[in-house]
Amino acid sequence: MINEELESAIRQNFPDAVEGSADCRGRLLLTVRADQIVPICRFAKEKLGFDFPDCITGVDTGQHLEVVYTLWSMDRRVELNLKVVVPYDNPVLDSVTCVWQGANWHEREVYDLFGIEFRNHPDLRRILLPEDFEGFPFRKDYTEID
Amino acid sequence: MDQIPDPSAYEHEHPIEDKSGLRTQELLVNMGPQHPSTHGVLRLLLHLDGEVVLDAVPHIGYLHRGMEKLAERRSYVQIVPLTDRNDYLAAMCNNQVYCQAVEKLAGIEVPERAHFIRVVVNELNRIASHLVWLGTFALDLGAMSVFLYAFREREIILSLFEEICGARMTYSYIRIGGVPWDMPDGWADRVRDFCRYLLPRLDENDALLTGNEIFLARTRGVGILPPDVAVDYGASGPVLRGSGIPFDVRKADPYAVYDRLEFDIPYQTTCDCLGRYLVRIEEMRQSVRIIQQALDMMPDGPIMAKMPRVLRPPAGEVYTRIESPRGVLGVYLVSDGGTNPLRMKWRAPSFCNLQALPVMVRGWKVADLVAILGSIDIVLGDVDR
Numbered sequence: 001m002i003n004e005e006l007e008s009a010i011r012q013n014f015p016d017a018v019e020g021s022a023d024c025r026g027r028l029l030l031t032v033r034a035d036q037i038v039p040i041c042r043f044a045k046e047k048l049g050f051d052f053p054d055c056i057t058g059v060d061t062g063q064h065l066e067v068v069y070t071l072w073s074m075d076r077r078v079e080l081n082l083k084v085v086v087p088y089d090n091p092v093l094d095s096v097t098c099v100w101q102g103a104n105w106h107e108r109e110v111y112d113l114f115g116i117e118f119r120n121h122p123d124l125r126r127i128l129l130p131e132d133f134e135g136f137p138f139r140k141d142y143t144e145i146d
Numbered sequence: 001m002d003q004i005p006d007p008s009a010y011e012h013e014h015p016i017e018d019k020s021g022l023r024t025q026e027l028l029v030n031m032g033p034q035h036p037s038t039h040g041v042l043r044l045l046l047h048l049d050g051e052v053v054l055d056a057v058p059h060i061g062y063l064h065r066g067m068e069k070l071a072e073r074r075s076y077v078q079i080v081p082l083t084d085r086n087d088y089l090a091a092m093c094n095n096q097v098y099c100q101a102v103e104k105l106a107g108i109e110v111p112e113r114a115h116f117i118r119v120v121v122n123e124l125n126r127i128a129s130h131l132v133w134l135g136t137f138a139l140d141l142g143a144m145s146v147f148l149y150a151f152r153e154r155e156i157i158l159s160l161f162e163e164i165c166g167a168r169m170t171y172s173y174i175r176i177g178g179v180p181w182d183m184p185d186g187w188a189d190r191v192r193d194f195c196r197y198l199l200p201r202l203d204e205n206d207a208l209l210t211g212n213e214i215f216l217a218r219t220r221g222v223g224i225l226p227p228d229v230a231v232d233y234g235a236s237g238p239v240l241r242g243s244g245i246p247f248d249v250r251k252a253d254p255y256a257v258y259d260r261l262e263f264d265i266p267y268q269t270t271c272d273c274l275g276r277y278l279v280r281i282e283e284m285r286q287s288v289r290i291i292q293q294a295l296d297m298m299p300d301g302p303i304m305a306k307m308p309r310v311l312r313p314p315a316g317e318v319y320t321r322i323e324s325p326r327g328v329l330g331v332y333l334v335s336d337g338g339t340n341p342l343r344m345k346w347r348a349p350s351f352c353n354l355q356a357l358p359v360m361v362r363g364w365k366v367a368d369l370v371a372i373l374g375s376i377d378i379v380l381g382d383v384d385r
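Residue numbers (my numbering), protein chains in the order written: chain A, 1 to 146; chain B, 1 to 385.
Hints in this document: simulated from the structure, not taken from any laboratory.
Careful: at least some of the hints might be erroneous.
No farther apart than 25 Å at their CA atoms in a straight line, the calculated lysine to any residue pairs in the SDA-like style are these [what the hints assert, rightly or not]: (1) K104/B to E66/A; (2) K140/A to K69/B; (3) K140/A to G66/B; (4) K47/A to Y88/A; (5) K251/B to R27/A; (6) K69/B to L124/A; (7) K69/B to F133/A; (8) K104/B to A22/A; (9) K47/A to S21/A; (10) K104/B to G26/A; (11) K104/B to V78/A; (12) K47/A to V229/B; (13) K47/A to A22/A; (14) K104/B to L261/B; (15) K104/B to R27/A; (16) K45/A to R250/B; (17) K306/B to R25/A; (18) K69/B to R25/A; (19) K140/A to Y62/B; (20) K140/A to D336/B; (21) K104/B to Y255/B; (22) K140/A to L261/B; (23) K104/B to I2/A; (24) K104/B to E5/A; (25) K306/B to D182/B; (26) K69/B to P137/A; (27) K69/B to Y88/A; (28) K69/B to S73/A; (29) K104/B to S73/A.
Covered stretches of chain A, going by a simulated chain B footprint (3 or more residues, C-beta under 8 Å) [unchecked claim]: (30) 6-18; (31) 23-33; (32) 75-87; (33) 91-105; (34) 126-134.
Chain A residues, not near chain B, derived (Cβ > 12 Å throughout) [claimed, not checked]: (35) N3; (36) V38; (37) P39; (38) G115; (39) E117; (40) N120.
Don't be surprised by glycine CBs; every beta carbon is placed ideally from N, CA and C.
When you get a sec, could you build the whole thing from the sequences and use the hints?
Encoded structure:
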């Protein structure tokens, strides 16, 4: 019920941005266009009430990179998952730190481990790995050096 | 690691002028990674004006073991012991969230008795974890005796865990599909005895601190985290509830059998260190309530679902969360249909809560920073993964 409502709200306001939708074990997962991620996130926060940035993470599927945003609404107690596909040859994405302060460290972690750069991020540095670390270890093509 | 900036160069760029026009200098102080009150290997770069903290920049990663990457090379069953070592003070909760994710992904139905046993061990672990926090928080503020009492009480829980699964810290007791062993004979009664024992001791420990003027002066009104900021930073658990937002996954997004148990969500609207302290103390009492109910309602039956010899969850992804002692603990699991996950992401509550530290400490003294950091209750194994 609520999932259809959320999906139609986003589709109405961003007609060309939604590339696919899936039922992620009972929760809505929308694949959206990378260049629309900031306006969609702002819309989700301000109009749909997704005030809690639960989790932002990267995935390397072997074909391309993905960034998955898991959002939670405190009032409505629902979850919304947004997915963005990022190509290997140009791993750049707009930062959503302007929407939620809490996205800061999550995006730094994705940058650190997957090498996805976030435009307009206030402080894009490695977070878990040493600053002189070379490569992005969570990519599938990463080879360990002893 | 990165270089500490040369303080003289920094101060040259950032002079502070006071009202009389006299030029003072901002001081950079490095706190940690070897510092007793950082509770592990956390490094904070403090920008000080005299004794006042202007800003604190956390540097983390000293305990990063790449656990999520390690998981990609292991079968689903082999990952369970890895999860123990994340938040090592609440290993049961780590087992719970991971197994829950795999069960959702693979569509495994967990027997009811296993759910109830899981609730009991989860809540016992919550009490044990909060007791460690209580002891170390009091110790940070100079109250030695509470530390000893809290660890005495925790010892009993560890013995109970040793009895049920053989381990005292890294349990791996919750497995995919249920639990591997049933409760030993008389174990439930010993848990009940412990609950009866704990409640008056808790009041005693609480009175030692909340009846102490120094403790109150060090915590009341210190380290304010406004509710809207807490939500915006993704803070959760007692940090969020201490800021007046009664959000608890056990109520908001129930898992296991929490929707059939009666308990309250304690919260405080003071948004300070004392609020976070009071929330945790009351949470322990609520956990006792949950344990007693779960033991009363404990059904008979199997404790393990029928499991395939080799677990290959269908391709897909799942995100699941639980309420760990530190807040929202989430696991994002992606399967490509193989025997090991394509990606496992650990949404660690300590990581998100620590992010809000600079907001809480600005304008307070260095000594208050120790109290504020203690009140967040971070576990570095959880922050760095």
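Hints, verified against the model:
no.	hint	in the structure
1	K104/B to E66/A	22 Å, holds
2	K140/A to K69/B	10 Å, holds
3	K140/A to G66/B	14 Å, holds
4	K47/A to Y88/A	33 Å, violated
5	K251/B to R27/A	18 Å, holds
6	K69/B to L124/A	22 Å, holds
7	K69/B to F133/A	16 Å, holds
8	K104/B to A22/A	16 Å, holds
9	K47/A to S21/A	20 Å, holds
10	K104/B to G26/A	10 Å, holds
11	K104/B to V78/A	18 Å, holds
12	K47/A to V229/B	18 Å, holds
13	K47/A to A22/A	22 Å, holds
14	K104/B to L261/B	22 Å, holds
15	K104/B to R27/A	12 Å, holds
16	K45/A to R250/B	23 Å, holds
17	K306/B to R25/A	21 Å, holds
18	K69/B to R25/A	24 Å, holds
19	K140/A to Y62/B	24 Å, holds
20	K140/A to D336/B	14 Å, holds
21	K104/B to Y255/B	11 Å, holds
22	K140/A to L261/B	44 Å, violated
23	K104/B to I2/A	20 Å, holds
24	K104/B to E5/A	24 Å, holds
25	K306/B to D182/B	16 Å, holds
26	K69/B to P137/A	8 Å, holds
27	K69/B to Y88/A	19 Å, holds
28	K69/B to S73/A	30 Å, violated
29	K104/B to S73/A	22 Å, holds
30	6-18	violated (count 0)
31	23-33	holds (count 4)
32	75-87	holds (count 3)
33	91-105	holds (count 5)
34	126-134	holds (count 6)
35	N3	14 Å, holds
36	V38	16 Å, holds
37	P39	18 Å, holds
38	G115	14 Å, holds
39	E117	19 Å, holds
40	N120	17 Å, holds
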